[in-house]
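S.K.: Read off the chains here:
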Amino acid sequence: MEIKRMMLITGLLVLIMTMLPSTSMLNAIAAQKTEIPTKNDLWDLFIEVYSKIEYLGSKGINVSSLINELNKVIDILNNNTISNIEKAHNILVEINNTCNKLLDKLPNIILWRNVRTYLIATVLASIPILFYILAPRIYIWLWYHFRRKWVLENAV
Amino acid sequence: MRFDEEVFAVLMALIVVASVFGIVKTVYKPFDSFTAIGLLNANCKLGEYPHHIIAGQPLRLCIYVYNHLGRPGLFQVRIKISDRNHLPTNNTPLNKPSIMNITRVLNSNSSFTRRITLILNKTGTNIALVFELWIYNTTIDNWVYTGKWNNLYLNITEVLPPR
Chain D
707 MEIKRMMLIT GLLVLIMTML PSTSMLNAIA AQKTEIPTKN DLWDLFIEVY
757 SKIEYLGSKG INVSSLINEL NKVIDILNNN TISNIEKAHN ILVEINNTCN
807 KLLDKLPNII LWRNVRTYLI ATVLASIPIL FYILAPRIYI WLWYHFRRKW
857 VLENAV
Chain P
493 MRFDEEVFAV LMALIVVASV FGIVKTVYKP FDSFTAIGLL NANCKLGEYP
543 HHIIAGQPLR LCIYVYNHLG RPGLFQVRIK ISDRNHLPTN NTPLNKPSIM
593 NITRVLNSNS SFTRRITLIL NKTGTNIALV FELWIYNTTI DNWVYTGKWN
643 NLYLNITEVL PPR
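Note that the protein sequences, when read in sequence, are chains D and P. The opening residue of the first sequence carries number 707 in the working numbering; numbering runs sequentially from there. The opening residue of the second sequence carries number 493 in the working numbering; numbering runs sequentially from there.
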């Protein structure tokens, strides 16, 4: 009888223990609920975003507004409070999304910029050729145009 | 003026030269990349720097940084205290902890000027206030010393010396 009672109590205890969440689990749940990034996480994200901006900027993309936002994040991080960290995190996520969109468009932007550059170069290169072919013809046409009413007279 | 062969040749030569110049300017864009750091006075102007200050009194200065790397840069100005015998070089930074860091992202061809206020409590003569410019290198994921630095010698006393 005594053994049966002991076994029942032990069984109940094991059941309660397995049902109770551990401290680490509780912490994980709490972190999931609030999702407050640490300052180190934020710095990693900051560097990731900065790397993208640096790359975009090196490719000639106008990143002025993104840099202003990034500097805002630095200013916010200097006031080290939880609400500021959240605020900075939100700004960084926003900048990151914009960077990703720009990175997707980057090959297209570079292609059209190259097309524009080489088109200008081609136009500039064709100017001497066009001048060589057209200038004498235009000159002769103008010469005749302005003298078409001239009359030949016998000077003798 | 007659548009004879000589005039045509001269015009042709001028147009060819102008065209080549235009093409080179369009396609080839040389770029000298450099960074710069400058120390300015409390009014963010050059000159009239403080040399004698009282310990514990605020020292107001301005820091100027310029980015001409052709790409954005994450810069950090590290302010350190040293003496006349221990200064950074163009290759090695000062091996001392910084008393203040100023971090800023700068676009290409842009600069920033930041007012700073320092309170120095340690008294002494020829105390060197060193300003080093560092840049974040994304390839090695770390801060790198640019080799650019500035310094200001200070005599810090309990009271102002008589003039």
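Hints are not guaranteed to be accurate.
Said to hold, decoys possible - Here are the computed lysine-lysine pairs in the DSSO-like style, where the Cα-Cα straight-line distance is at most 27 Å: (1) Lys588/P with Lys811/D; (2) Lys758/D with Lys811/D; (3) Lys765/D with Lys517/P; (4) Lys765/D with Lys745/D; (5) Lys765/D with Lys710/D; (6) Lys793/D with Lys758/D; (7) Lys745/D with Lys758/D; (8) Lys778/D with Lys765/D; (9) Lys807/D with Lys758/D; (10) Lys778/D with Lys745/D; (11) Lys811/D with Lys765/D; (12) Lys765/D with Lys521/P; (13) Lys745/D with Lys588/P; (14) Lys778/D with Lys807/D; (15) Lys778/D with Lys537/P; (16) Lys793/D with Lys778/D; (17) Lys807/D with Lys745/D; (18) Lys758/D with Lys521/P.
Just so you know, these hints were derived from the structure itself, not from any lab. Predicted model, so just to flag it, every value in this text is computed and none were measured.
S.K.: So, for every hint listed, does it hold in this structure?
M.R.: Now the hints, each set against the structure:
1. Lys588/P with Lys811/D: Distance ~45 Å between Lys588/P and Lys811/D Cα, so the pair is violated.
2. Lys758/D with Lys811/D: Measuring from Cα to Cα gives roughly 13 Å; hence the hint holds.
3. Lys765/D with Lys517/P: Holds - the C-alpha atoms of Lys517/P and Lys765/D are around 18 Å apart, at most 27 Å.
4. Lys765/D with Lys745/D: Since the Cα atoms of Lys765/D and Lys745/D sit roughly 30 Å apart, the hinted pair is violated (cutoff 27 Å).
5. Lys765/D with Lys710/D: Not OK: Lys765/D and Lys710/D at ~78 Å, beyond 27 Å, violated.
6. Lys793/D with Lys758/D: 20 Å, holds
7. Lys745/D with Lys758/D: At roughly 20 Å apart (the allowed maximum being 27 Å), Lys758/D and Lys745/D satisfy the hint.
8. Lys778/D with Lys765/D: 23 Å, holds
9. Lys807/D with Lys758/D: 11 Å, holds
10. Lys778/D with Lys745/D: 15 Å, holds
11. Lys811/D with Lys765/D: 12 Å, holds
12. Lys765/D with Lys521/P: Roughly 13 Å between the alpha carbons, so the hint for Lys765/D and Lys521/P holds.
13. Lys745/D with Lys588/P: 25 Å, holds
14. Lys778/D with Lys807/D: 21 Å, holds
15. Lys778/D with Lys537/P: The given pair, whose Cα atoms are some 26 Å apart, holds under the 27 Å limit.
16. Lys793/D with Lys778/D: Holds. Lys793/D to Lys778/D sits at ~10 Å (cutoff 27 Å).
17. Lys807/D with Lys745/D: 26 Å, holds
18. Lys758/D with Lys521/P: Measuring from Cα to Cα gives roughly 23 Å; hence the hint holds.
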